[in-house]
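Asker: Protein sequences appear in the order of chains A and B.
The letter at position 270 of the first sequence is residue 269 when you use numbering that gives the first Met the number 0, and the numbering goes up by one with no holes.
The letter at position 281 of the second sequence is residue 280 when you use numbering that gives the first Met the number 0, and the numbering goes up by one with no holes.
Calculated directly from the structure, the hints in this document are not laboratory data.
Glycine included, each C-beta is placed from N, C-alpha and C at the ideal position.
Fair warning: there could be bad hints in the mix.
[As the list claims (entries may be wrong)] Output of the computed footprint for chain A on chain B, the stretches with three or more beta carbons under 8 Å from beta carbons of chain A:
(1) 151–160
(2) 183–196
(3) 330–336
(4) 343–356
[Unchecked claim] Keeping only pairs whose Cα atoms sit at most 20 Å apart, straight-line, the calculated SDA-like set for lysine to any residue is:
(5) A:94 x B:70
(6) B:94 x A:202
(7) B:8 x B:45
(8) B:94 x A:4
(9) A:223 x B:70
(10) B:49 x B:16
(11) B:94 x A:16
(12) B:94 x A:242
(13) B:94 x A:94
(14) A:4 x A:16
(15) A:94 x B:169
(16) B:223 x A:97
(17) A:94 x B:200
(18) B:94 x A:335
[Unchecked claim] Anything over 10 Å on all C-beta distances counts as not near chain B; from chain A, calculated:
(19) 174
(20) 395
(21) 425
2 protein chains.
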Amino acid sequence: MNYAKLKFKRNDARSLYGQLVEALESAIEREDLTAGTRLPSERALAAQLKLSRTTVVNAYRELEARGLLRSHVGRGTFVCARPEPADAPFAWRGKVSAFAQLNADPALRNLHLDTMNSRLISFAAGIPAIECFPLADYRRLIEQVLRESSDAVLGLGPTEGQAPLRKAIAARAGTRPERVLILSGSQQGLDLIARCLIDAGDTVVLDRPGYVGAIQTFRAAGAKLVGWDTVRGDLDELEDLFLRYRPKLLYTNPTFQNPTGKVFSLRERRDLLRLAVRYRIPVVEDDPYRETYLDAAPPPPTLYELDEHNIVIHHSTFSKVLAPGLRLGWLAASEYVVDQLALIKQRENLFTEGLSQLVVAEFMRSGLFDEHLAKLRREHARRRDRMSASLAEHLPAKFLTHARPKGGLYFWCRLGHGLKGRQLLQQATAAGVVFANGEIFYADEAGAHELRLCFASQTPDRIEEGIKRLAASLKSGHERDAPREESLMPMV
Amino acid sequence: MNYAKLKFKRNDARSLYGQLVEALESAIEREDLTAGTRLPSERALAAQLKLSRTTVVNAYRELEARGLLRSHVGRGTFVCARPEPADAPFAWRGKVSAFAQLNADPALRNLHLDTMNSRLISFAAGIPAIECFPLADYRRLIEQVLRESSDAVLGLGPTEGQAPLRKAIAARAGTRPERVLILSGSQQGLDLIARCLIDAGDTVVLDRPGYVGAIQTFRAAGAKLVGWDTVRGDLDELEDLFLRYRPKLLYTNPTFQNPTGKVFSLRERRDLLRLAVRYRIPVVEDDPYRETYLDAAPPPPTLYELDEHNIVIHHSTFSKVLAPGLRLGWLAASEYVVDQLALIKQRENLFTEGLSQLVVAEFMRSGLFDEHLAKLRREHARRRDRMSASLAEHLPAKFLTHARPKGGLYFWCRLGHGLKGRQLLQQATAAGVVFANGEIFYADEAGAHELRLCFASQTPDRIEEGIKRLAASLKSGHERDAPREESLMPMV
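Model the full structure from these sequences, guided by the hints.
Answerer: See below:
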């Protein structure tokens, strides 16, 4: 476009700046200036048109404010759109922040949507046996709490959590109530930790494979994610990662690890802690499955209990042992960390709803929680055994291999024949069964041939039916898409 | 320190790198190198010591990983601490992120802590008359929901909210359920909006004075805050701010504004919207007080209802009309915005606890909510009148002036005699009454002589008693700290 053609009337009622805005706007309208065109610098245009530089600066700013121009520092000012008609709906897309753009991954939500779809048998999300939920006790305790403590339920509550629940959790976790922070679900804990400790560009070392919610949270915080193979559990490898990346924190799930089921031995725990202390790397111990041991004695002590340096943030939830709908999680850490996290929590949702906190506190205090856990373990063991038997019956090892978990909620499986979990998931969904495909547990591109089955959330009959459906879609997929021989080999 | 004195054994079992680490560590230990000392560049030290540059780089890295050195891009590498003994507690302070450092303001939490302190008569936090809460109905509906929908209560819930509540809110707000997002308290909405739309350095224009939670949230997101005097409500001024700052959004509370009580007229609403559309500035309409009108007919329609361009995010809560303990808020916006916010909400706490959602939905559907609102308005009017009368009786205008609010929960007051709200608050707290001092409603340094009294949360007798205590501390403060005549003048 030839800017020299623009004419200005110095004795017009309209300001020069207004005339320039109008002239540029109609040039964009007529597409004399098309999207992407770089405008002259303010100084150059001012010189060419014999206007003051301020006039041009103000005109560019107004056009920017109206979304027609966009300036990029060091690159100049560009035409970015034609003016929209006055009644066009607002273009929200251009308004989204860098953080929100990192948040566009709906993997977790989709997992949940599938699980809420009653047409499907879901082995996808990690949910305990809801049939064991002590509904009658729960209703009775709600009545009791509303009768005795309605002020605490209806009024403002402390951001750190209701005192009786902090006390009950502290007693169980071997710490003091001031070191416990109640969370509106354990996902909130991950988010708070990320907001408290991670600046964009920081590195986080985490289990590989590991919990999808942690991967998403730390990624959304702009962290660089570096996986550590938890099953191999090689501490030299971890030390190399510490040295090479100087990470801001280590995130790990050392007890019935999600998705692999791995349990760190006491010795591995001590070695890991020693390393973390040596390199001053905070450890986030995600520990939702501690109470879900199925066979033998309880697992070794938590990293938090073994820690003598306040370097561990212990993090857990009632979602895997009571019900995810309660939205109750908690963490234990040094008082300084609890205080910092509480300040951020206040900004997220002020405080956690009080009724369920007080009910669960009473549930723990009265011993009902321990009774419930014993019952839940028996039912989970039954379901695990049924899934194990169903898998053995319907899915020979050439199709799918797995280890029998000793706790947690999952079978972590590897597909044979080079089959891919994501393809299988499509076929399986059509056949009425869903699971979690392996990719979502990796921050990199791995996991194509793995998958996770939650054994705890379905009744034994539904488990049998679901595994049958899975086997049928797996076999039909195998027949239809049989891969060539060479690509089979690495999958054995 | 004289680095040339460092000696290295080339045929030692220890690596050169290990020897350098040890030498520097003991120099720091002995305080030959003190905290803040700048080390030579890696290249310079390598040349001086005749080591390879890689050796020096690796040594610096290890010492950094162990927290003894800190490097700043472009400035060099500095000694940051002496090595701590192996059993010293972990130094969390140095690990906190830039975001967390912006979150260190405990104003809102302190306001709440004061309100939870039963020794104090609190006019501080904005809470409705909890005595009006329909506890019997609420208990009955909890029973009903647990009987009829325990799966929805215990299982995973949709991030966007329970369908019956989205439907009930949409009907009331004049929109469609897909455009409603349920929030775990309205504070969550502000946080989600900030995370979705604000990058650090963006400008937000907001009411001045305005809601403390919004100020804190946008500040914590790294936004530059620019106040607009909502009471004057000058649209030319707002246009100047749009032009000058090109803000990312406008946050306003146009109906019974917190803290001033201002209600925008229909015409002001239309003008404001026209301006926002012209400059393409998204509008966050915070609207928690709409149903709290006390005298005349309901207030004019919401900006959201008047908006024809999808430019408004409407945002509200049940905390100001039912009870803050429920932790239930909601927003209405275009489907694209709801979707973006839901993805971030999923990262914050997956979904909102379901029981209270379903109970409130049934409460709205059955008509009980409207009955409750009518009752609440009558009680609030009674409390407002009582506070108005108490203020008139105990605090003559030379001490404190105020306007009688027509809705909302607050008296916005100005102190006479140059008295400062923050000083008064100290005296008042000692006398057993608290309020919100004016400064917290300003993003800049103003508000020293203003204060906000919530009239809704205390019974009429407690209001009378609280105002008496306030008057006593105000008068005693005035006698003790009477300022000189010239500083009195501007406060009249």
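Asker: All hints are to be evaluated individually against the structure, with a verdict given for each.
Answerer: Hints versus structure:
Beta-carbon proximity to chain A at under 8 Å applies to 8 residues in the stretch 151–160 of chain B; the threshold of 3 is reached and the given coverage holds. With a threshold of 8 Å between beta carbons, the proposed coverage of the stretch 183–196 of chain B by chain A holds, since 8 of its residues qualify and at least three are required. With 3 residues having a beta carbon nearer than 8 Å to a beta carbon of chain A, the stretch 330–336 of chain B meets the requirement of three or more and the stated coverage holds. A stretch counts as covered by a chain when three or more of its residues have a beta carbon under 8 Å from one of that chain; for the stretch 343–356 of chain B and chain A the count is 12, and the coverage holds.
Using a Cα cut-off of 20 Å, the hinted pair residue 94 of chain A and residue 70 of chain B is violated, with the two alpha carbons roughly 35 Å apart. A threshold of 20 Å between alpha carbons decides the hint, and for residue 94 of chain B with residue 202 of chain A the separation of about 13 Å falls inside it, so the pair holds. Taking the CA atoms of residue 8 of chain B and residue 45 of chain B, the gap is near 15 Å; set against the 20 Å cutoff, the hint holds. Between residue 94 of chain B and residue 4 of chain A the CA atoms are separated by roughly 59 Å; this puts the pair beyond 20 Å, and the hint is violated.
Between residue 223 of chain A and residue 70 of chain B the CA atoms are separated by roughly 19 Å; this keeps the pair inside 20 Å, and the hint holds. For a cut-off of 20 Å, the pair hint linking residue 49 of chain B to residue 16 of chain B stands: about 12 Å separates their Cα positions. Our distance criterion of 20 Å between C-alpha atoms is broken by residue 94 of chain B and residue 16 of chain A, whose separation comes to about 50 Å. With a C-alpha separation of about 17 Å, the suggested pair residue 94 of chain B and residue 242 of chain A falls inside the 20 Å cut-off, and the hint holds.
The suggested pairing of residue 94 of chain B with residue 94 of chain A is violated, with an alpha-carbon distance near 31 Å, which exceeds 20 Å. Distance check on the hinted pair: residue 4 of chain A and residue 16 of chain A sit about 16 Å apart at the alpha-carbon level, within 20 Å; holds. Simply put, residue 94 of chain A and residue 169 of chain B have alpha-carbon atoms about 25 Å apart, too far for the 20 Å limit, and the pair is violated. For the proposed pair residue 223 of chain B and residue 97 of chain A, the alpha carbon gap of about 17 Å is at most 20 Å, so the pair holds.
Using a Cα cut-off of 20 Å, the hinted pair residue 94 of chain A and residue 200 of chain B holds, with the two alpha carbons roughly 14 Å apart. For a cut-off of 20 Å, the pair hint linking residue 94 of chain B to residue 335 of chain A stands: about 11 Å separates their Cα positions. Its beta-carbon lying about 14 Å from the closest one in chain B, residue 174 of chain A satisfies the requirement of being farther than 10 Å from that chain. Consistency note on residue 395 of chain A: stated as away from chain B, and its beta-carbon is indeed over 10 Å from all of that chain's, at 33 Å minimum.
At roughly 22 Å from the closest C-beta of chain B, the C-beta of residue 425 of chain A stays outside 10 Å, upholding its exclusion from the interface.
Violated hints, listed in ascending order, are 5, 8, 11, 13 and 15; each of the other numbered hints is respected by the structure.
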